Every structure is written in structure tokens, then in C-alpha cells.
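Chemist: Relying on the hints, combine the two individually framed chains into one complex.
Chains as they are written, first to last, in the numbering used here: chain A, 1 to 356; chain B, 1 to 311.
FYI, nobody ran anything at the bench for these hints, they're computed from the structure.
Fair warning: there could be bad hints in the mix.
To be verified - Cross-link-like lysine to any residue pairs, in silico, SDA-like; alpha carbons within 20 angstroms at most:
1. A:K199 with B:D259
2. B:K199 with A:A272
3. A:K199 with B:R267
4. A:K150 with A:N105
5. B:K84 with B:E113
6. A:K199 with B:R266
7. B:K269 with A:Q193
8. B:K306 with B:R267
9. A:K335 with B:P260
10. A:K199 with B:T265
11. A:K199 with B:I255
Just so you know, these numbers come straight off a predicted model, no measurement behind them.
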Amino acid sequence: MSKILEVKDLHVSFNTHGGEVQAVRGVDFHLDKGETLAIVGESGSGKSVTTKAIMRLIPNPPGFIKGGEMLFEGKDLAKLPEKDMQKIRGKDISMIFQDPMTSLNPTMTIGKQIMEPLVKHQNMSKNDARKRAIELLKLVGLPSPETRFKQYPHQFSGGQRQRVVIAIALACNPKILIADEPTTALDVTIQAQILELMKDLQTKIDTSIIFITHDLGVVANVADRVAVMYGGQIVETGTVDEIFYDPRHPYTWGLIGSMPTTETEGEQELVAIPGTPPDLLNPPKGDAFALRSEYALKVDFEQEPPYYQVSDTHYVKSWLLHPSAPKVEPPEIVKLRHRQMPSNYKEPVLVEGVRS
Amino acid sequence: MAEKLLEIKNLKQYFNPGKPNMVKAVDDISFDIYKGETLGLVGESGCGKSTTGRTIIRLYDATDGQVLFNGEDVHGKKSRSQLKKFNRKMQMIFQDPYASLNPRMKVADIIAEGIDIHGLASSKEERIKRVHDLLETVGLNKEHAGRYPHEFSGGQRQRIGIARALAVDPDFIIADEPISALDVSIQAQVVNLMQELQKEKGLTYLFIAHDLSMVKYISDRIGVMYFGKLVELAPSDALYKNPLHPYTQSLLSAIPLPDPEYERTRRRKEYNPSVHNYTEDDNLEMREVAPGHFVYCSEKEFAQYKAQYKS
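Here chain B stands alone, though its shape is the one from the complex (with noise of 0.2 angstroms):
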């Protein structure tokens, strides 16, 4: 097996802990990524996919659990230093490319914000030309370095975006929904770039989104997310041939897919938490149904989906 960048182990993520208004948006999760992988994450608005992927880069204190990059924990009182090579290592991209540049900064210094923090150019020429050479491998040109956010569309401010990112050379980025803000035809280039990107510089990814065509074509593997817990995590191909869990199965059935004639037939399941009807005595965990293919179960299921597991 490939080697582990990233481990979560039991996170938890509590809004307002101890008060009646408590939210668990994170609810004990645990898994890894390797290195040079695309890890997707699903599930609806309010399942905690963005919390996850935010607390992992430690813009949330998490509530309990642990974060290992290359085996050093994330989390827990860190000094200036030590954070700032966190940092460097690990970048974000954001959904809204229209929010996530200050507006009234110029490409150039938006850019090279993390260059100038973590002291990567010795003179100013070298930072200008390590702006124009993340520009050009970003698709963009020189020419855009002088100009204001406003000036660009919204797939240009994408890339502006990861070019932000990709200033520091990190080895992890976080894109949480990087293009459902994006027209489809946009949404394509955006995904090529990522993935070129990927393969040249040996990033690993972890990709948050909602849209599960995308996500499938993008990642290597897929955790599907369900109020807090992550509920399945699979292969890419496996999740979608054997979706074990009910709400995996329920989520798949409902993406329209463009051909009409599959449309025509497909019916969607409903999932119902109640299906399970667990009991206080069961011990609910991540069980491995087949190599590479957790689900979220009870003992007695278990059992099931390891008998119906077609390979």
C-alpha cells in the first residue's frame, strides 16, 4: 500500500459544546490518505464534508481526535514556526472564487501573500517571476499580474485561486467544491488543470464536493458523509458497483446523469435511518467488506454485505 501522507483518527468537531444549541458536525471520523491520491468526499449541505476538510487544515480547533501529517499532529499547541511549515505544506482552495480573493489587492500580491510570509524569494525580481511562472502554469499570462480580482471570470479567479495555493508548494490541498461555483464548460478546464497539476508535481488532494459525477471522475477513493460520520469509504469504481450502504445507495440513485435513456428508467431510493434498526448493544463501526471497502455497520450487517459483496 501506498504510503499514508494523512491520518484522521477519531476527529470531532462540536459547535457550542455543552450548550442545548450543540451541533456534532464532525462525529468521530478516522481515515487516511496516501500520498499522491485523490481522496473525494460527499454528501449533502450540513453532512460536515467542509468542516472535515477545514479542520484538517486547522481552521477550527478540533473538539477531540488527532490529525497526523507525515506522522506530527496538527492539532495541539504548536509554536509560530512549527505552524507556519504546517502551512506551507498543506493549502486550500475555495468554493467561491468570487469571496475568496480580497478584492482590493492585485493578482500579483494575492499570489505571492504566502511567498512573502514564508520568505521563499530572496529579491524582488525573484518573486515577480515566480508570480509569472505560477501564472503561466495555471493557464494564465504575465499580463494578468497588474490586474484586479474584478477584471477576471469566474474561471480565471479559479485559477488564480489555485495558483495561491500551489505559491508555496504544498504537498496537500484541501478543494472544497472548487467548481460548483463554475459554468460546466468552465468546470472541465478547471478539473484538467487539477489533475495536470497533480500529476507534475505529485500532489496528493482531498476533494470536497456535492456533484458525484464529478467527484467519481476526479478521486481515487470516496468517503460519503451522513450527519457527521463518515459512512462508506471506498475505491472509486467499488462505490459505485457495490454501494453497500443504504444511504450511499440512496445518494447514487438520485444524480441525474446525462443520457436520457438511463433517466427514463432510473428510481430513486429513499433512505430511511431507521432501516438499520439498531440496538443499544451494537458496536457501530468502520468495517472492512472487502479490501479497501469500509462501511460504517453493525456486526449483524457486516455479516450481510460481506455475504451480497459482488467483486
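For reference, chain A alone in the conformation it holds in the complex (with noise of 0.2 angstroms):
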């Protein structure tokens, strides 16, 4: 499969009175043609920083792109000046925000805002541009398009103002779309029908969609391959089944855990993570997550572990890999998904980084 974008070791930060927060460490991940990558991680695991770097939409200052590249279509997204990246900005990538309450501009008409790309990215005159908001608003299931071109963003329901937001993403045919907890502000019902509106959309114009949520079962939903962020790096990343049926990491397993599943019977009780997340303007030494983890071993206190690859998709930065680490068993809650994945390599091999 083809990569459509390649992000090597980035590494965003912001300036704050405190000193320099280090939001994002050293990220590497990609993206395939057509797939779609969750990113998964607790609020200030870096998810988001990640994906507004990828848009250069991080506020300098105080924030920053401290290094790494971020290549799109042989361009590295890092370097680009503002004035190309505006050019890809709404255009080959495009983004849907969480909170589709703030996301419209309530003075404009909806169609105003949808023919805004069209007019800027492809020329379109006003009336074609008109033709095609219409059409992209039959697209996302609103029904009498016509007369809610000339309506503004306070006359429709959530579920109705992130389906006019899709819409606008959708305008250019984008290559990449990145979907920043698209569905958290909205109910169950509503929720199914958006995430099927967008992988309906993704079938028809062939988009990648980058997803970021903390709702696992959006991720078991919506998912190809799942990257596990945590303190501003990328833990663990692999195959939904990777993820979901024979995690490695102990903070994956505590994602896991946490969530209940409607076979969980009330005795059993959920896996906690204790504390809170690291302070990233002082990023611990050694593994980010040992501070919290009941398997955390000597070494994680003071080297920060390398990645391990178990298959080709799947790699895990822990120590517990490791060959000569003691053999940890997994929460039971855990345990109980476990199932053995056929492309596991015999034993996992230590590798620089992420680099399928």
C-alpha cells in the first residue's frame, strides 16, 4: 500500500512561563491510502498537538515544531512557508473539530462557509460553488438542502451542525482527513449515524482519515491500525485486532481495562490507572509511564525503553519486552480478550523506531 504521509520523530513544544513544555516527543508514525489510523491516549497525551502540527496550526508563539519532518507527497509539511501551506490547508488536508458548536462561524449562512473552500481552493464560481455546496449537503444526509443553505449554524442540532462541518472538510475531496474527537459532544444514536456517514464518505471519494478519540469503542469501530499515545510519544501502535486482542504495553492494558464492556459483570472490578499524567514541562527520565505502572522494573526509572516489533505492524516501546525481563501476566480483564495474533513474530525483535 501506498503511504500518503510519513511523520518521523516529530517534536512540538510550547514556551510557557514555567519553561518549555514538550508536548510531543518524538513521534513517528504513517498513513496508507485509504486507511484510517485512531490515535488514541488520555487528554495532554499529545493526540492533538500531533495532528494541528500535521495542519501547522499549532499557535507560534508559544508553540513550536522543535524537529522531525512530517512528509506529504514528497513535501515535508515542517519546512512548508505559511503560504503553501495554505494552498494544502482545507485542501488536500482537512480537519473536523470536536465541538461543532464552535467550530461555524454564527455569523455566516452554512452555505456561505461550505462554498468558502470551493471559491478559494478550485476556483469555482459563486453559482458552481452554490451547485456543490447543495450537492455536499445532500451528501451528508441533511434533508431540504435548498433551504438549509440560507440558515445559520444556531438553526441546527449538534448531530446537524458536525454533519454541515463534515461537509465543509469534504468540500475539496481532501486526501487526508483528520477527525479530532468528531463524535464526543454528540448522544449514542447520533454518534453511530455520523461515524457511518464518514465511513460511508471514505468509500466514496477515497479518503485517509486520521481519528482521534479516547472512546475505545469508536477505535474497534472505525479503525485500521490504532497508535496508543502517552506523555507525548507513541507507546504502542499495530492492527485494531493487534491492539485490542494482544496488547503488550501495561498502559494500553490499562485503557483496556478501564472500559467496561457490556459481558463485565459488576464483581469484577475495573483497571484503574492510578495518578495522573506526567508533567511534560519536566518529561521523567526513562519511561514515561513507570511512575503509574504496577510492572514498571528498575530499568524503566532510568533508561527510556526502545520500541519492539512483534509483527510487522505491531510495535511496543517497554522494557518488559525485552528478553531478559521477568514474564508479567496482564489484568484478567485483559486476558480474557486475549487471542494469539498468526503474524506474530516468534520473538519479539528490538528495532530503532516505527518504521512500517
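Modeler: Now the structure itself:
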């Protein structure tokens, strides 16, 4: 499969009164054409900052891209001048934000907001843009688009607004769509509709999607591959089956164990991850998760763990996979789901970074 | 059957009654809450679940109907001292831990507000000792007492909210989406804490939420609301095994579960209220299809549900 985006050793920092906050500390990943990559992690893990960096939407100052490459069609987005970036943003790469209540302009009609990228990026005439905008409204499933076209955001419900935001994002048939918690503010039934809509549109216009969420149910529903972020780094990445049925990192165990399935019985205690996320002003030495992990080894407090490769697609950043590490058992709730992955290597292999 | 702590009888909460913009937020619902149990209340936003909770604790005056707490009506005219007695027995935990704590008060004063109002501490030392004990109960420590809410994370704030609710030794706590504003990993911490406290103090919970997997996990029984009506009420397992009302089925089929294989085969059912084909002389009410499993239905549907019930 061809890679459409490749992020290599990305570092993003923010200058604050307290010093430099290292929000993203060396992230590697890639995105294949037509696939959905889900990035999961708690707030402050750097998942939103990573995607904002791709869109070059990090406010500068205080934020800046400290290092690394983001290759998109041979161009390094990290070094592109703002003028060229404007040609990509909203056209080749577009974004859906979390809160549909605030991401639309309340003083502009919906129609005008959808026409904006069409006129700007595709040099359409006003008339053509209007036709296309109405088509888009139809595409995202809003009834009577001609009337809706002339209405303002406050005349729409939350789910409808999110559909409008999606219509804007898809207006120029983007190659990459970044969805930052697009359904978190919505009800389950509306969420289900929006997810179905996104999947449907993905097959229609062949977009790659980066999907940020902390809802693992949604991840299981939409993702082809998953990247788990913690403390500004990717601690585990693999196909959706590998992450859910054969997770290797204690943080992933914690995430999966903290969500009950409908089969979890009341007597079985949830695995709560104790403590709070690390302070990225002074990132902890060694493994960032060690302080909250009951599986932490002595070496975790001294030296940052390397990546181990478990299969062609599955990478884990943990000392636990070292050949001489003690064998540990994941929590009960994770073990219950465990399945043998056929494509696993015999032994995890030490690698330099995520290269697949 | 266990003892009833709370009986809700034909409760109605209308906003703007008599005006053209009248909203029937809660429309004639009845249910009981038993001592020591957790009753979950689920539904989409706007279905009236939060309003139900708020009316029970008398944040709103009910339009009609009764809320009996230990056999006494919560609504209706009450003297100050009688109200005080109720307020001590019933407490609430709110959804947004950022908005529900006064930013200008120290944690100690937030937690001790109820203690002061009800005169539960005879001296300053006792007051602060109680605050320290409460902080420890919810997994914080005494140093936190002198700080302000902005110094805490979301999960910690929710713990403060829980400590405040516990300060007056209530029997019954209404938790209105207590975890939906928190991160997944922190959600589990708060849920585990609530369950521990329930075991220790014999609390009764009304747990309002839209996250169905969490509700199933924490609740003994679950009520499903749709447009101001309670459409189904059943023990948690029964509700998931045998959802009878088409709305419940649609709601359950819409939740994505953290299991990729299940997700690949999940088909969502849509709910269309017209499937019922109710006529005017249908007598719609809650009917007990199986022991403890109630569905809002007509007589004809009742017979149908009974026939298809798998035990």
C-alpha cells in the first residue's frame, strides 16, 4: 500500500512561564492511502497537538515544531512556508473539530461557509460553488438542502452541525481527513449516524482518515490501525486486532481494562490507572508511564525503553519485551480477550523506531 | 424484595405550563428505588433523565405527582427545618466538575458547607477533622484542604464533589453524569470509588448517564427514558439480554463496544415511533413482562412481549 503521509521523529514544544513544555516527544507514524488510523490516549498525551502540527495550526508563539519531518507527497510540511501551507490546508488535508457548536461561524450562513473552500481552492464561480455546496449537504444527509443552505448555525442541532462541518471538510475531496474527537459531544445514536456517514464517505471519495478519540468503542468501530499515545510519545501501535486482542504495553492494558464491555460483571473491578498524566515540563527520566505502572521495572526509571517489533505492523515501546525482562501477566480483564495473532514473530525484535 | 427508599409516583415536570412553548420534560413516570441499590437512568440528551434527577431532589418543583422518600413526600409545602432534614439525606454529584465547585472557595470550605449548614461539627477542630477524613475517604489527602479548585485535575475535582456530597452522611446520592466529563482512565477510578463507598456506607445511587456500558457495569437495575417517558425498566442483565421496547433495542445497537470483531458485525437498528401503531383506545402503561422487567406498552404488545420473552 502506498503511504500518503509519513511523520518522522516529530517534536513539538510550547514555551510557557514555567519553561518549555514538550508536548510531543519524537513521534513516528505513517498513514496509508484509504485507511483509518486511530490515535488514542488521555488528555495531555499529545494526540491533538500531533495532528495540529500536521495542519500547521500550532499557535506560534508559544508553540513551535522543534524537529522532525512530516512528508506529504514529497513535501515536508514542517518546513513549508505559510503561503504554500494555505494551499494544502482545507484542500488536501482538512480537519473536523470536536465541538460543532464552536467550529462554525455564527454570523455566516451554512451555505457560505461551505462555498468558502470551493471558491478559494478550486476557483469555482459562485454559481458552481453553490451547486456543489447543495450537493455536499445532500451527501452528508441533511434533508431539504436548498432551504438549509440559507440558514445559520444556530438553526441546526448538534448532530446536524457536525454534518455541516463534515461537508466543509470534504468540500475539496481531501486526501487526508483529520477528525479530532468528532463524536465526543454527540449522543450515542447521533454518534452512530456520524460514524456511518464518515465510513460511507471514505469509500466514496477514497480519503485517508486520522481519527483522534479516547472512546475505545469508537476505535474498534472505525480504525484499521491504532496508535496509543502517552506522555507525548507513541507507546504502542498496531492493527486494530493486535491492539485489542494482543496488547503488550501496560498503558494499553490500563486503557482497555478501564472500559467495561457489556459482558463485564459488576463484581469484576475495573482496572483504574492510578495517578495522573506526566508533567511534560520536566518529562520523567526513563519510561514516562513507569510512575503509574505496577509492572514498572528498575530500568524503567533510568533508561527510556526502545521499540520492540512484535509483528510486521505491531510496535511496542516497553522494556517488558526485553528477552531478560520478567514474564508478567496482563490484568484479568485483558487476558479474557486475548487471542493469538497469526502474524506475530516468534520473539519480539528490537528496532530503532517505527518504520513500517 | 428489598425495602423501598424512594417511590416516584406519576411524576410530571412541565416547563412553561399552559403556554404554546410548553415542554413536557418528564411526563408521568413512576418507579421505585430500593435501599442499597444503584438505579441507572439512560437516554439521549433531552429525554428528561437529568430533569428527573433534579425534580427528585427538588431543584425543580414538580408539576404533578409525588416523590416519597422513606414514605414522606419531598414536594409539597415544607418548613425550613423539614427541608433541611431532606437535604441531609439526599445529595447530588454533578456532571461538570469544573462548573460545580465555587472557584473562590477553598476545598475545605466547599466540603464543609453542608457540615456548617446542618451544624454537624461542634468545634473548629471537629470540622477540619471531618474534612480531612472525607478527603482521605475519596482518595485525596489533607494537604489538599487549603487549596482552590483550579489547582486540581478533573478527576480530583470530581472526588471533591463526591466528598462534598458525603459530608452530611446522606442515604441517597443522585449522580448526574458524574464521569462523562472525565478521561477514560480516570472514569474507572471514580466509578471504583463510588462502588467502594456504596459498599462501605450502604448508599443508594441514582446514576444518570448516556454511556451505556458504564451504566450496565455500575447499576443493579436500569431505566430507559425516551421523550419524557420511562419506556423500559429492568435488572441490568435482563435489559441487555432481552431488550423489549424497540427504542431500547435501537439504543443498545448504537453503542460501539471495544471489540473489533463485534463491531464488524454490529448492525444498528433505528427506532421509529410509528412501529407501535397505537390507536386512541390503547391503554398505554408500564406492564411487568417478567419479574422486575417493566415495559411501557399497550395490551396487545404486552401479550406479544410475554410470548417472545426468553428467560
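Chemist: Each hint needs a verdict: does it hold in this structure or not?
Modeler: Tested hints:
The straight-line distance between the Cα atoms of A:K199 and B:D259 is roughly 18 angstroms, inside the 20 angstroms bound, and the hint therefore holds. Under the criterion of a C-alpha separation no larger than 20 angstroms, the hint pairing B:K199 with A:A272 is consistent with the structure, at around 18 angstroms. Restraint check for A:K199 and B:R267: the C-alpha separation of about 14 angstroms stays at or below 20 angstroms, so the hint holds. Of the pairs offered as hints, the one joining A:K150 and A:N105 holds, with about 14 angstroms between alpha carbons and a cut-off of 20 angstroms not exceeded.
For the proposed pair B:K84 and B:E113, the alpha carbon gap of about 13 angstroms is at most 20 angstroms, so the pair holds. Simply put, A:K199 and B:R266 have alpha-carbon atoms about 14 angstroms apart, close enough for the 20 angstroms limit, and the pair holds. Simply put, B:K269 and A:Q193 have alpha-carbon atoms about 11 angstroms apart, close enough for the 20 angstroms limit, and the pair holds. Restraint check for B:K306 and B:R267: not satisfied, since their Cα atoms lie roughly 25 angstroms apart, outside the 20 angstroms limit.
A distance of roughly 16 angstroms separates the Cα atoms of A:K335 and B:P260; the hinted pair therefore holds under the 20 angstroms criterion. Straight-line distance between C-alpha atoms of A:K199 and B:T265 comes to about 15 angstroms, which keeps the hinted pair within the 20 angstroms bound. For the given pair, A:K199 sits about 16 angstroms from B:I255 by alpha-carbon distance, which is consistent with the 20 angstroms threshold.
Consistency note: the structure conflicts with earlier hint 8 alone.
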